[in-house]
Amino acid sequence: MLLEVKNLKTEFKLKKGVVNAVDDISFSVDKGEILAIVGESGSGKSVTSLSIMGLIAEPGKVAGGEILFKGTDLTKLPVSELQKIRGDQISMIFQEPMTSLNPVYRVKDQIMESIMTHMKLSKEEALKRTVEMLDLVGIPSPEKRAGDYPHQMSGGMRQRVMIAMALACHPELLIADEPTTALDVTIQAQILELLYSLREKLGMAVLLITHDLGVVAEAADRVIVMYCGKIVEEADVKTLFTDPKHPYTVGLLESIPKMDDERERLYMIKGMVPNPLKMPKGCSFSDRCEKCMEKCKEHIPALIEVNGAKVRCFLYSDAEEGKV
Amino acid sequence: MQNELDAVVNEQASEVVLEKPESQLKEMWFSLIANKGAVAGLVIILLLTLVAVFGRFIMPYDPNYSDMTISFQSPSAAHWFGTDQLGRDIFSRIIDGTHISLTVGISAVALSLTIGTILGAIAGYRGGKIDTVIMRIMDMMLAIPSILLAIAFMAALGKGIDKAVIAIGLVCIPEYARIVRGCILSVKENDYVQAARVVGNKDFRIVFKHILPNVLSSIVVRATLGISSAVLDTAALGFLGLGVQPPFAEWGDMLGRARGFIFSAPYTLIFPGIAITITVLAFNLLGDGLRDALDPKSRKI
Numbered sequence: 001m002l003l004e005v006k007n008l009k010t011e012f013k014l015k016k017g018v019v020n021a022v023d024d025i026s027f028s029v030d031k032g033e034i035l036a037i038v039g040e041s042g043s044g045k046s047v048t049s050l051s052i053m054g055l056i057a058e059p060g061k062v063a064g065g066e067i068l069f070k071g072t073d074l075t076k077l078p079v080s081e082l083q084k085i086r087g088d089q090i091s092m093i094f095q096e097p098m099t100s101l102n103p104v105y106r107v108k109d110q111i112m113e114s115i116m117t118h119m120k121l122s123k124e125e126a127l128k129r130t131v132e133m134l135d136l137v138g139i140p141s142p143e144k145r146a147g148d149y150p151h152q153m154s155g156g157m158r159q160r161v162m163i164a165m166a167l168a169c170h171p172e173l174l175i176a177d178e179p180t181t182a183l184d185v186t187i188q189a190q191i192l193e194l195l196y197s198l199r200e201k202l203g204m205a206v207l208l209i210t211h212d213l214g215v216v217a218e219a220a221d222r223v224i225v226m227y228c229g230k231i232v233e234e235a236d237v238k239t240l241f242t243d244p245k246h247p248y249t250v251g252l253l254e255s256i257p258k259m260d261d262e263r264e265r266l267y268m269i270k271g272m273v274p275n276p277l278k279m280p281k282g283c284s285f286s287d288r289c290e291k292c293m294e295k296c297k298e299h300i301p302a303l304i305e306v307n308g309a310k311v312r313c314f315l316y317s318d319a320e321e322g323k324v
Numbered sequence: 001m002q003n004e005l006d007a008v009v010n011e012q013a014s015e016v017v018l019e020k021p022e023s024q025l026k027e028m029w030f031s032l033i034a035n036k037g038a039v040a041g042l043v044i045i046l047l048l049t050l051v052a053v054f055g056r057f058i059m060p061y062d063p064n065y066s067d068m069t070i071s072f073q074s075p076s077a078a079h080w081f082g083t084d085q086l087g088r089d090i091f092s093r094i095i096d097g098t099h100i101s102l103t104v105g106i107s108a109v110a111l112s113l114t115i116g117t118i119l120g121a122i123a124g125y126r127g128g129k130i131d132t133v134i135m136r137i138m139d140m141m142l143a144i145p146s147i148l149l150a151i152a153f154m155a156a157l158g159k160g161i162d163k164a165v166i167a168i169g170l171v172c173i174p175e176y177a178r179i180v181r182g183c184i185l186s187v188k189e190n191d192y193v194q195a196a197r198v199v200g201n202k203d204f205r206i207v208f209k210h211i212l213p214n215v216l217s218s219i220v221v222r223a224t225l226g227i228s229s230a231v232l233d234t235a236a237l238g239f240l241g242l243g244v245q246p247p248f249a250e251w252g253d254m255l256g257r258a259r260g261f262i263f264s265a266p267y268t269l270i271f272p273g274i275a276i277t278i279t280v281l282a283f284n285l286l287g288d289g290l291r292d293a294l295d296p297k298s299r300k301i
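Residue numbers (the UniProt record's numbering), protein chains in the order written: chain A, 1 to 324; chain B, 1 to 301.
Same shape as in the complex, but just chain B (with noise of 0.2 Å):
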């Protein structure tokens, strides 16, 4: 009787291999290309990612090289996006300040990213005292406008980009502790975590290998879409004067740089500002597209 039961289980089970259902990641990937906006965005990314690399190679002029005789031309032939105050070629300085946005951006990121996601895990999982104490300075660090410290941690630290890719970092620490706790306090109570707790591990491997990877789609897309913020950080402190110090090209410290000329000379003004938004906005797209593909309840059938 029970070798029936089983022979009929089993046959049943040999039909269910059969069709196997298509990879989690392969059914994400035909998600996100389906969605245009997101499409767009990982085409301008890449598009971005190759002018900061390969840059150098096509910059038309040197973006440092300073000819006074020849400020503030228009847009020309010889000159695509005009030349600034001191002469400097724009469309020369906006494809070298690519690859310095997008590496403080990323970086920034990724250094927010990996204190936040520490910080939110060990809160999250311990409970009790050591996560009040966590959420509470994360909180003090929320109630002050990003950019506000951000200018404070510069003002610490010191001019120039490594400091302020820490200042941005540091700024967006809690925005992923708060995500990473709140995703690991809904994880954390499941079976499978106690029966891992079960099976023997120790307690760091049950957070970074049992929990974190089911949480890890709304770290992705949290972290794609701070990457836009952290640009537009950069920007901000390089308008400030405070992030990227000359010569190097940097989108925001071209703006600063140049506001004082927005009626006689926009162009100066129009192609960095243009470069930033198109930036920002395909991060954004990315983000938005990840969201929906990594949430299957959003997904088209």
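Isolated chain A, as found in the complex (with noise of 0.2 Å):
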């Protein structure tokens, strides 16, 4: 196991009360897989990536649980034990390609760094390993493109030097922070490939943040889907898309488009997330769910299994959380 998260709590002191952003949850990733976590704007997977790097900001803090990465637990180690770990062993690429790269510099001064921050490679070699790694991303003539600024690239450049930085290190877990969200869908689609064969290439494990089902279909190994802050389904990606069990999932895959629909509207989930500050007593879902049961407003159901997935629903089982 490479990665492994326990019973995972990250919150946020407000002023107005305490959000639970992450709610316990607890997953794996596995050497050379892609988990990815899907969720809407709000469910807690991009605070759950930043948990794993350590880089919650105030008011924030993981309030309890264990990340074990290769069986240290990152959460207990000292910040100048994780910046040796950060960037080396895991990395992450963001949402932003256009705002990820430092306007004052140039590409090869970014890469490289990465590299002489954790590698003990002389200037000449580190360069020579940068223009290796723009060339494993897929930029063209790379001794030249190296010595350009951001600015002088297009978004899907810009990624890829992103991905070229985030790989320098050959890290063994690399988070993707919905990397394709911000780029039309052909580069996407590239992109998403160029993930998938460096993964085969280097044997790294990816951590797909997205809330974009088509990215998941494309890319991913297993699924994790988040509502509010917990593990609402966990299953394999043919598992999740032929056979979607909680009513938030089934709700998720009936409101993408499809070729062959009649429908004057398209489908949709009714309701809001609700206020993180309000959270209803039982199922955080209760309130937005069409299969709603009385006991849904009162319990939450526990995360269990069902056909070699997991599930929290009290259509599956009547098992309480904390009561299993």
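Don't take every hint at face value.
Straight line, CA to CA, 35 Å or less: simulated DSBU-like cross-link-like pairs of lysine-lysine [claimed, not checked]:
#  : chain 1 : residue 1 : chain 2 : residue 2
1  : A       : LYS120    : B       : LYS36
2  : B       : LYS188    : A       : LYS278
3  : A       : LYS6      : A       : LYS281
4  : A       : LYS9      : A       : LYS61
5  : B       : LYS26     : A       : LYS15
6  : A       : LYS15     : A       : LYS31
7  : A       : LYS128    : B       : LYS129
8  : A       : LYS120    : B       : LYS202
9  : A       : LYS270    : A       : LYS310
10 : A       : LYS128    : A       : LYS201
11 : A       : LYS61     : A       : LYS84
12 : B       : LYS26     : A       : LYS16
13 : A       : LYS84     : B       : LYS209
14 : B       : LYS202    : A       : LYS201
Since the hints were made in silico from the structure, they are not lab data.
Hints given; two lone chains; assemble the complex.
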């Protein structure tokens, strides 16, 4: 097991109260696996990734649980140790390629910095490696482009540079936080293809954070569906798309427009994500759920296994959270 | 299919390479020299610098040589700006004063810029209690009129050119701290700062290598304008008899000592006054020009 997250809780202390952005989630990522975390805005997926990197800023903090990376608990490591792991063994790419490169430095300076921070290489060797990385992520004439400033590149190029930067030290785990959201569809496909092939070549694991089920279907091996800071369903990608269990997952899949659809209006899940300060007492999805029962409003269901997948819903089992 | 796509993208990419935009520095330079005021400022500053460095070779007289028999001479061919109450040549004294004004002005700014940048960077990047403590101290310093504070520092430190630098430098710290803090606050939330953290950089490196270069333009502009106010402050301290001590020629000191003769021998005041005005004006013009040149939005196309 490469990464094991156990009962992770991340909370934000606000003046109006405490928001549990990530509420007691557990999952694991195997070597070479692509695990997708899906969910809508505010479901806690980005907070999960930032928690793993140890980048939760005030007023938030990891309030409980363990993040075991190759057996070491990252939540207990001092910052200096964490800095050695960041960029070297765990790396991250961001949603916005337009803003995630520093405008005052050339592309090669930024990639070389990451290499020289973690590897004992001379400047020439680091530069050589930088060019290799740019070549690996499919940047044409990498020797020339390495000297470019970010503003001379397109969005897709910049995302490739970001990936090159993240991969420069051969991390074992890459966290990709919505890597394709800001890109247009053809570039999206290229970037996903790239991630996929790099996984094959380098054998790294990828934690793919996204709200796009199309991306999930294309790239992921296994999927976690998050809602309001909790995992509501976990399954391998085939099972999730052929046999979704949680009403929320069903709703998400239902909302994807289909080519042969005759309906005038697209399907949508009614209601809104509840205010994080005023969570329903029972299941957090209860007030939007079409199959909501009396019980759902009072009690929180437990995450239990059903036919090889995990789901948190009273439709499948009566087990309650904390009473298993 | 993928390869074809790649090929298309690559082709487009290589076309982009051909029309490489001009370097930012070049663009900035052209924008700066298109501004007549800034060019005038720059030329005057260059001349002043030359005078400060090579002044002793062009001075017609020893600036400190006093000959009471020729005191209060009106400007003439022998004494271009006249002579003062002790019969010293005012032109030579003004030339001699140039290097003191520039040295004090620039070193005071360097001092306050360094300390102010460090304090502002810590406050802006760290935030929280440290931010509150630093910025409230800065606010307290700003609440006292700067010249009064400088006088208080001079009183505590004693007189002299080095003390003047320290006093003026300390007084100007809050300005830089505030500007740097504000800039850092606006830059530090950018993804590339987060990316620098993800790569495993230490905080110190993130602040000085990734954040500060992005806010350099506002600091440069402020520092240029700051030199002019430091020159003015030096003159003010000199005028009050606190700055540079005789026999060194200092413009403010010259004004202060001659102020009793404003009606009988106005040239003893006019020329040092003009020297101060020109220096301050030059740095202000350059500062304004730099501000326009460094802000791409206000650049003329």
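Evaluated hints:
1. LYS120/A to LYS36/B: 51 Å, violated
2. LYS188/B to LYS278/A: Roughly 31 Å between the alpha carbons, so the hint for LYS188/B and LYS278/A holds.
3. LYS6/A to LYS281/A: 24 Å, holds
4. LYS9/A to LYS61/A: 9 Å, holds
5. LYS26/B to LYS15/A: Judged against 35 Å, a Cα distance of about 49 Å means the pair is violated.
6. LYS15/A to LYS31/A: 41 Å, violated
7. LYS128/A to LYS129/B: 44 Å, violated
8. LYS120/A to LYS202/B: 17 Å, holds
9. LYS270/A to LYS310/A: Holds: LYS270/A and LYS310/A sit about 24 Å apart, inside 35 Å.
10. LYS128/A to LYS201/A: Roughly 19 Å separates the two Cα atoms, so the pair holds.
11. LYS61/A to LYS84/A: Holds, at about 21 Å.
12. LYS26/B to LYS16/A: 51 Å, violated
13. LYS84/A to LYS209/B: 18 Å, holds
14. LYS202/B to LYS201/A: 30 Å, holds
Comparing the model with each earlier hint shows violations of hints 1, 5, 6, 7 and 12; every other hint is respected.
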